[in-house]
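Engineer: Sequence:
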Amino acid sequence: MRWLGQGCLRKKNCDIYYSCHPERHEFGCGFVVGARLRRRVSHFLPINERLATIRITAKFFNISLICAHAPTEEKDDVTKDAFYAELDRAYGRCPSHDIKILLGDFNAKVGREDIFGATVGQFSLHETTSSNGLRLIGFAAAHNMVVRSTGFRHLDIHKASWLSPDRLTRNQIDHVVIDARHASNVLDVRSCRGPNIDSDHYLVAAKIRTRLCVAKVARRGLLRKLDIGKLQSQRTRDAFSTQVTGLLSRATPTPEDISNMWALISHSLRTSAEEVIGFQRTPKRNPWYDQECRDATAAKDAAYGRTLQAGATRAVVEVYRSRRRDEKRLFRRKKREQERRECESIESSRDRNEARNFYQRVKRLTQGFKTGGVACKDDDGNLITDAEIVLRLWRDHFSSLLAGSGHDDYGEYDPQTPIYGTDVDVPTPSHAEVKDAIQRLKNNKSAGADGLPAELFKAAGDMLVGSMHKLISKIWLTESMPDDWNHSMICPILKKGDATLRTNYRGISLLPVAYKVLTSVLCENLKPHAEALIGPYQCGFRPGKSTIDQIFTLRQILEKSYENQIDTYHLFVDYKAAFDSPRRDRLYAAMSELGIPAKLIRLCMMTLSNTISSVR
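In my numbering, the protein residues as written are 225 to 840.
It is worth saying that the hints were derived from the structure and are not from the lab.
Careful: at least some of the hints might be erroneous.
Derived DSSO-like pairs: lysine-lysine, alpha-carbon spacing no greater than 27 Å straight-line [stated by the list, open to error]:
| hint | residue 1 | residue 2 |
| --- | --- | --- |
| 1 | Lys800 | Lys601 |
| 2 | Lys682 | Lys508 |
| 3 | Lys587 | Lys719 |
| 4 | Lys508 | Lys558 |
| 5 | Lys800 | Lys719 |
| 6 | Lys299 | Lys283 |
| 7 | Lys449 | Lys235 |
| 8 | Lys800 | Lys720 |
| 9 | Lys682 | Lys751 |
| 10 | Lys587 | Lys669 |
| 11 | Lys508 | Lys454 |
| 12 | Lys449 | Lys666 |
| 13 | Lys698 | Lys719 |
| 14 | Lys698 | Lys769 |
| 15 | Lys751 | Lys669 |
Here are the simulated distance ranges between beta carbons [claimed, not checked]:
| hint | residue 1 | residue 2 | range |
| --- | --- | --- | --- |
| 16 | Arg574 | Pro511 | 15 to 25 Å |
| 17 | Ser744 | Arg556 | 31 to 41 Å |
| 18 | Ser266 | Ile339 | 35 to 45 Å |
| 19 | Arg509 | Gln458 | 30 to 40 Å |
| 20 | Arg576 | Glu542 | 43 to 53 Å |
For every residue, glycine included, the Cβ atom is placed at its ideal position computed from N, Cα and C.
Working from the sequences, and respecting the hints, build out all of it.
Structural biologist: Quick look at the structure:
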């Protein structure tokens, strides 16, 4: 496992916990936990590229597993001493009442000397112990452990775990070591030569008797994305619009309650989208892997099986090596052909001015494989991999980030303080305003918690616009909105640096699109009042102005000052998380002091009150 860094990669059928070198693809260790056991992993501690520990929850005794990759015999004593010192510290960090098991490549040949009888079994492959073997035995004896991989009677071919390149030398250097008290729990240890993993090591299987506790599985609904790309076809758009119009027109009349009105709109959009466009399909991971590749792999595996038979000659081994070379050449050729087709497709997207598709494909082609996952570090720097604990850590992080200190130089704010604004009549939004707000929605943006993207609202037709106009008018009059619109999903986006540190992420809140329509209408009503108050010094986020003019002016000042040898002093202020935790009560008070109509202030308060956020 020669990846980079450390963490947890969640797959469909397993979780991969890895601890590798931070910069180089060398060494590395880890654990592959099946889907049935993933809920029983209570702790994972990556130490370095040679050591990692994982803890499994059991019924009577929890199990602490230490995966090790020891230095070879050729390494100097300093490297070996450092490894076993770190191994001793890893062992000491394991709870004393746990069943502790060491497993991995110790590069140690353990002999059958009588002097080691209390620590080593009688059925080792080797007669004498090597230097690394003495170190392993010494470590096991010091911690009252036994080398259980040497305690079972097997054929020599089922004891060897390493095969030399010339296929003449076989050694037993991968071991399973367990506490002497629980040694009887290991029922069998043997090498498995059958699996062809293209390595000079054989897989070592250990059968351990234990009783695992029942883990409660929290079932969560899968976030399935709608296939929005199909709406680019006019025929599909017309079918979708017709379906939505039919559902809205055939709906049973209900009292004009805000929640009922929104439930009807969301149900019509979701049902029509599922029937007309459906959901996105997961793309094939390796499209280049075809039947020709499968045949080459099957031929290689068959040749490998013949090398395991008794009396295998050099010619048989050479046939296997030839099949393996042929497979690698075929895979490289298939990958190059796939990359060439991908580059041609990218070039075609560029020629058609499909900028988004072009950059997406370039990014996907250049970034390569990334070991993402659910792991993150807690406040003490420990790597946490349990999904429930990780979500709790993210919840606490964003709670503290978004809550703010709650204090400022103006003292505490009394929430009962009435909001005063200008008594200006603010008319109910018109049908045209709502339609324009829907058309201003940006495409290719993630949907909120309801899973309804902007493309559905824009393609649904005039019937939906009328329903949204009625809903927003009702909200405008009653100054209350559906409870679903108060829910936002926070999606952490990595900025740079260590992917396991929560401080290296920025949170993006995914809001319901219908809520965006309402706030867009509200923003258009606020703009005339804001434009009359903002001075000419503000150029950002204003129509007809840009910060480019200010940058040009600053450059002119610097150039003239440099020519005339005049000192200039510039102060740049960047507030950390400035917009993450604003005092909303102060915002309302400021709007009141600036003369914003009271109706608009109350509507802003409605959109920012009783909000709920969840981390995706």
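Engineer: Each hint needs a verdict: does it hold in this structure or not?
Structural biologist: Hint check results:
1. Pair hint Lys800 plus Lys601 holds up; C-alpha atoms about 21 Å apart against a cutoff of 27 Å.
2. Restraint check: the Cα-Cα separation between Lys682 and Lys508 comes to about 30 Å, which exceeds 27 Å; the hinted pair is violated.
3. Pair hint Lys587 plus Lys719 holds up; C-alpha atoms about 16 Å apart against a cutoff of 27 Å.
4. For the suggested pair Lys508 and Lys558, the alpha carbons sit about 15 Å apart, so the restraint of at most 27 Å is met.
5. A threshold of 27 Å between alpha carbons decides the hint, and for Lys800 with Lys719 the separation of about 14 Å falls inside it, so the pair holds.
6. Of the pairs offered as hints, the one joining Lys299 and Lys283 is violated, with about 41 Å between alpha carbons and a cut-off of 27 Å exceeded.
7. Of the pairs offered as hints, the one joining Lys449 and Lys235 holds, with about 19 Å between alpha carbons and a cut-off of 27 Å not exceeded.
8. Our distance criterion of 27 Å between C-alpha atoms is met by Lys800 and Lys720, whose separation comes to about 16 Å.
9. Restraint check: the Cα-Cα separation between Lys682 and Lys751 comes to about 24 Å, which is no more than 27 Å; the hinted pair holds.
10. Taking the CA atoms of Lys587 and Lys669, the gap is about 18 Å. The hint holds against a cut of 27 Å.
11. About 19 Å separates the Cα atoms of Lys508 and Lys454, which keeps this hinted pair within 27 Å; it holds.
12. A C-alpha spacing of about 17 Å is found between Lys449 and Lys666, which places the hinted pair at or below 27 Å, so the restraint holds.
13. Straight-line distance between C-alpha atoms of Lys698 and Lys719 comes to about 41 Å, which puts the hinted pair past the 27 Å bound.
14. About 35 Å separates the Cα atoms of Lys698 and Lys769, which puts this hinted pair outside 27 Å; it is violated.
15. Our distance criterion of 27 Å between C-alpha atoms is met by Lys751 and Lys669, whose separation comes to about 24 Å.
16. Taking 15 to 25 Å as the suggested C-beta distance range, the pair Arg574 and Pro511 conforms, at roughly 21 Å.
17. Checked against the hint of 31 to 41 Å, the pair Ser744 and Arg556 fails, with Cβ atoms roughly 52 Å apart.
18. At roughly 39 Å, the beta carbons of Ser266 and Ile339 sit within the given window of 35 to 45 Å.
19. Between Arg509 and Gln458 the beta carbons are some 33 Å apart, a value that agrees with the proposed interval 30 to 40 Å.
20. Separated by about 51 Å at the C-beta atoms, Arg576 and Glu542 satisfy the suggested range of 43 to 53 Å.
Comparing the model with each numbered hint stated earlier shows that hints 2, 6, 13, 14, 17 do not hold.
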